[in-house]
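Student: Read off the chains here:
Protein chains: 2
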Amino acid sequence: MKKLLYLPLFLISQVIMAQSLSKSDLEAMTSDHWQHGLDLLREIVSIPNDAAYKEQITENLIWCKDQFGGRGFSLTELETGGLPLLLAERKAENGEKTILFYFHVDGQAVEKSKWNQEDPFIPVLKEKTSSGEWTEIQMERANTEYDPDWRIFARSSSDDKGPIAMFLTAWDALSENNLSPDFNVKIILDFEEEQGSPLLPEAVKTHRDKLMADMMIIMDGPRHISNEPTLTFGARGISTMTLTTYGPVVPQHSGHFGNYAPNPAFMLAQLLASMKNENGRVSIPGFYDGIEISDEERAVLAAVPDDEDGIRDRLQISRIDDVGSYYQESIQYPSLNIRGMNSAWVGKESRTIVPSTAVAEIDVRLVKESDPNRLFKLIEDHIQNQGFTILDHDPIKEERMKFEKVIKLEKNIAYQAFRTPIDSEAGAWLRGMMERAFGKAPVQIRTSGGSVPISPFVDALDIPAVTVPTVNADNNQHSPNENIRLGNYRDGIRTALSILTQSYK
Amino acid sequence: MKKLLYLPLFLISQVIMAQSLSKSDLEAMTSDHWQHGLDLLREIVSIPNDAAYKEQITENLIWCKDQFGGRGFSLTELETGGLPLLLAERKAENGEKTILFYFHVDGQAVEKSKWNQEDPFIPVLKEKTSSGEWTEIQMERANTEYDPDWRIFARSSSDDKGPIAMFLTAWDALSENNLSPDFNVKIILDFEEEQGSPLLPEAVKTHRDKLMADMMIIMDGPRHISNEPTLTFGARGISTMTLTTYGPVVPQHSGHFGNYAPNPAFMLAQLLASMKNENGRVSIPGFYDGIEISDEERAVLAAVPDDEDGIRDRLQISRIDDVGSYYQESIQYPSLNIRGMNSAWVGKESRTIVPSTAVAEIDVRLVKESDPNRLFKLIEDHIQNQGFTILDHDPIKEERMKFEKVIKLEKNIAYQAFRTPIDSEAGAWLRGMMERAFGKAPVQIRTSGGSVPISPFVDALDIPAVTVPTVNADNNQHSPNENIRLGNYRDGIRTALSILTQSYK
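Top to bottom, those sequences are chains H and X.
Going by the UniProt record's numbering, the residue at position 229 of the first sequence is 229; the numbering climbs one at a time, nothing skipped.
Going by the UniProt record's numbering, the residue at position 147 of the second sequence is 147; the numbering climbs one at a time, nothing skipped.
Keep in mind that the hints were calculated from the coordinates and are not lab data.
Just so it is clear, the structure is predicted and the values come from calculations on it, not from any experiment.
Take these hints with a grain of salt, some might be off.
Copies of the same chain look alike in the list, so a pair counts if it works inside one copy or between any two.
[Unchecked claim] For lysine to any residue, the following SDA-like pairs were computed, each having C-alpha atoms within a straight-line distance of at most 20 Å:
#1 405 - 274
#2 411 - 345
#3 112 - 55
#4 210 - 81
#5 402 - 313
#6 114 - 278
#7 397 - 316
#8 65 - 50
#9 348 - 414
#10 377 - 90
#11 397 - 356
#12 54 - 65
#13 397 - 311
#14 205 - 116
#15 54 - 35
#16 405 - 250
#17 408 - 319
#18 126 - 480
#19 402 - 316
#20 348 - 241
#21 114 - 126
Given these sequences and hints, build the entire structure.
Tutor: So, in structure tokens, the structure goes:
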């Protein structure tokens, strides 16, 4: 850890408290510790972190223990039955409240050959040429030059090691100036988020007391696509269904049995068609029940600087489903999506048959108001109302012969949604923190459309939880050539500084 | 060719004319020539006949020329631009009318490893054991013993070399007794039926005069499943459509864009659902127009000894599509069948996306009354009435952005149906022939459900055409372990004898 060689200006007056640092103070402090921040980032992304390889995770665990332990955090490994969770704690003197920070250390698997660099775990610095290509430049240039649009390319640079390095940098900046938060800090480090954190919800139940806090801040995920400072108050949950319909027990010649043997693809098409109106709105009664959006919340949704025309242009769609009238509104509701559908063969492999089965894969994205069990019940009732007998297995002959229409329904609730009220105390605190850091109101996302494995954790802990995303949305998360924009990394350090210097009593 | 060593009883009286041969005469004559028939069958199936290999077809062509030329037929090779058609002709003294016989010489490709014998082109004799397995027995046993349920296994034993051997055997039986038909005989031998006879319709136009006849008898295909003597008066035609619907230009994350980006699988499901009612009856107006079945024809349909319960039991279906109320009635109408359907992935490969496209493969089986162009027009009008803009190509961005729902429609008319009226002169003649041969009325199939490549030939020639099938329905046609039941082969010889000895003036 590099020692500061000079005292920042704002410390000339010893009476200044951490909690009164202004935007320019935070900027100056970030600037002073920029090189240290870059060092930390390059160091942490150099440790391979595919959770499929236990030895890689072990190395990351050791690094985290060194880093947080070295900064005076007390460490506890929480047993999960699988890879451990690492809990790091630092109590504030006279700290009354506690904030729990969430980061994950593992990264998506890499397919080296698809990366435009030798090794996804050796970070490289790149700039965009006038032709729009990313070209490597000497890493050393970052020691003396700064361009916010340069990027560091490495696995987990954005998801989610970048935020860890931001946090550590901010912590060091404060420490070296003898400043510290006025609240207790707990940090939970997840080592298998990219595996869906399968053991996390159960671990919360086991270790609930140790994890308990007044607020949780999730340091993961990208900012709004506008790249403006962002707070995200929730995420949709996800559940899935697989529907299988049945025709003749084996495929039949379509000449001999076309318009005689019932066709399972038609049955499935008719069932699916009955679930939505032609404008894409779910027509199953009750599906959208319980969702009320206040005028204040609508104002928040409408304030998100989405480029609706831009989205439609990028997706090449002339209209949107009749659920919301704009993007943010749309994702406040549960979805019913056909993610896959199949019966027999298409294209060159197609055969003149009456297929024996047809399958639809459905995903139902959940919002806070939509209990997945209630939605499943509505869907099942609807299926039965269409004349189907629902089974949980492939029908045996007796069932095929007995019932006019049978369907196999397999269902899975992956995880529920979470959402913290925007007008909560936590929301107000975070807005204040962001306004201090950036001099303007953040983009506030009431819920993100996608689902995150942190949801069950939030749910089980049942405390206000808000995501403070920092990285650029075009970071190639989960893909080859993941990167972090230097401007985002720098803003992220400032964000962490602002969080740690915001009074919470 | 084995010479007869004795004169059959019925020739003791020299005044007996061929045309007055009774059932028992035909039986005796068949019996007398049984060994010769077996020799011919074993010889013809020993010549490999996959039309994908020109040299194999050449060998078959040479064999056919030898056989028919050696029996006094005049031979003409009709150029098709591909594999030739062989026309063999024998005029009758004072023959007034002409019957054109159709056979095909080529066979389906073989996958040797899937056959339960060393070589599909070395015939073997088998009997069914009490456990239901087919076990090889010494071929020599067929020289002294006869069991109608024994079978000869070889490619093309049923489809369609068996019928050629039956015909040649019958011809020889007559010749050796100085008998001959009182009508002119033309025989057309097709060498690429299993390839769909792509050049046949055009060849008919070119060689129409040479092929012209008063009636055509198609010696191909299996008897009714009851294995009763059968006449088949037509076959459904077939046309196909591929429908593709479009969502976002590339698949989108279903969390971010589920219930925002229109889902192409739902669009497709809704379109398909609109084409049929829930009982499987096409609901597109006009689809079944023009089909009228007289009371007499209904009586014929009802007389077919189908085991409706048996079919449903075998297919494991509890109901049938609401087109006909029983099998024979069902296939008198055109079908609209989804033979394949796909959007994105199902099963283990499924992903949480909004797919970008969905595809349905449709086949429309045609009957005589249904002009495929008229049906296509009805379907297209229906699709447009559902709000789709029909394209013949994948939409470009401008089309995606301009139209609410676009669909790509690709269509192909493979071939039209054919059907000869049951109450035609040809029908009466063939019924008489069958009754004389078997002492009972044949099963009469008004139309078969499947489609046969002979249809365009029949259509182009525009003469009454009836199929006289002889082989067992469970012959494993097109599959490994193709076979012919000895009883069917024997009945087939008798059928050929009856045809050739039925007066046609």
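Student: Give a verdict on every hint.
Tutor: Results for each hint:
For a Cα distance limit of 20 Å, the shortest separation of residue 405 from residue 274 qualifies both inside one copy, at 15 Å, and across copies, at 18 Å. Taking the closest pair of Cα atoms, residue 411 and residue 345 come within 20 Å of each other only across two copies (17 Å); inside a single copy the shortest separation is 25 Å, beyond that limit. In this homomeric assembly, residue 112 and residue 55 come within 20 Å of each other (Cα to Cα) only inside a single copy, at 19 Å, whereas the closest approach across copies is 51 Å. In this assembly of identical chains, the alpha carbons of residue 210 and residue 81 lie at most 20 Å apart only when taken from the same copy (17 Å versus 85 Å across copies).
Taking the shortest alpha-carbon separations for residue 402 and residue 313, only the inter-copy value of 11 Å comes in at or below 20 Å, while the best intra-copy value is 50 Å. Taking the closest pair of Cα atoms, residue 114 and residue 278 never come within 20 Å of each other, the shortest separation being 40 Å inside a single copy and 49 Å across copies. Taking identical chains as interchangeable, the C-alpha atoms of residue 397 and residue 316 lie at most 20 Å apart only when they sit on different chains, with a minimum of 6 Å there against 46 Å within one chain. Taking identical chains as interchangeable, the C-alpha atoms of residue 65 and residue 50 lie at most 20 Å apart only when both belong to the same chain, with a minimum of 18 Å there against 72 Å between chains.
Taking CA atoms no more than 20 Å apart as the test, residue 348 paired with residue 414 passes between copies only; the shortest distance there is 15 Å, against 36 Å inside one copy. When the C-alpha separation of residue 377 and residue 90 is checked against a cutoff of 20 Å, the pair qualifies neither within a copy, at 46 Å, nor between copies, at 75 Å. When the C-alpha separation of residue 397 and residue 356 is checked against a cutoff of 20 Å, the pair qualifies only within one copy, where the shortest distance is 13 Å, while the shortest distance between copies is 37 Å. Proximity of residue 54 to residue 65 under the C-alpha cut-off of 20 Å is restricted to the intra-copy arrangement: shortest distance 16 Å within a copy versus 75 Å between copies.
Proximity of residue 397 to residue 311 under the C-alpha cut-off of 20 Å is restricted to the inter-copy arrangement: shortest distance 14 Å between copies versus 49 Å within a copy. Proximity of residue 205 to residue 116 under the C-alpha cut-off of 20 Å is found in neither arrangement, the shortest distances being 43 Å within a copy and 62 Å between copies. When the C-alpha separation of residue 54 and residue 35 is checked against a cutoff of 20 Å, the pair qualifies neither within a copy, at 31 Å, nor between copies, at 76 Å. Taking identical chains as interchangeable, the C-alpha atoms of residue 405 and residue 250 lie at most 20 Å apart only when both belong to the same chain, with a minimum of 16 Å there against 34 Å between chains.
Proximity of residue 408 and residue 319 under a CA criterion of 20 Å is satisfied inter-copy only: 18 Å between copies versus 33 Å inside one chain copy. Taking the closest pair of Cα atoms, residue 126 and residue 480 come within 20 Å of each other only inside a single copy of the chain (15 Å); across copies the shortest separation is 61 Å, beyond that limit. For a Cα distance limit of 20 Å, the shortest separation of residue 402 from residue 316 across copies, 10 Å, qualifies, whereas the shortest one inside one copy, 47 Å, does not. For the identical chains of this complex, residue 348 and residue 241 are inter-copy neighbours only, at 13 Å across copies versus 29 Å inside a copy, given an alpha-carbon limit of 20 Å.
Only within a single protomer do residue 114 and residue 126 lie at most 20 Å apart by alpha-carbon distance; the minimum there is 17 Å, versus 59 Å between protomers.
In summary, the structure is inconsistent with hints 6, 10, 14 and 15 from the numbered list given earlier, while agreeing with the others.
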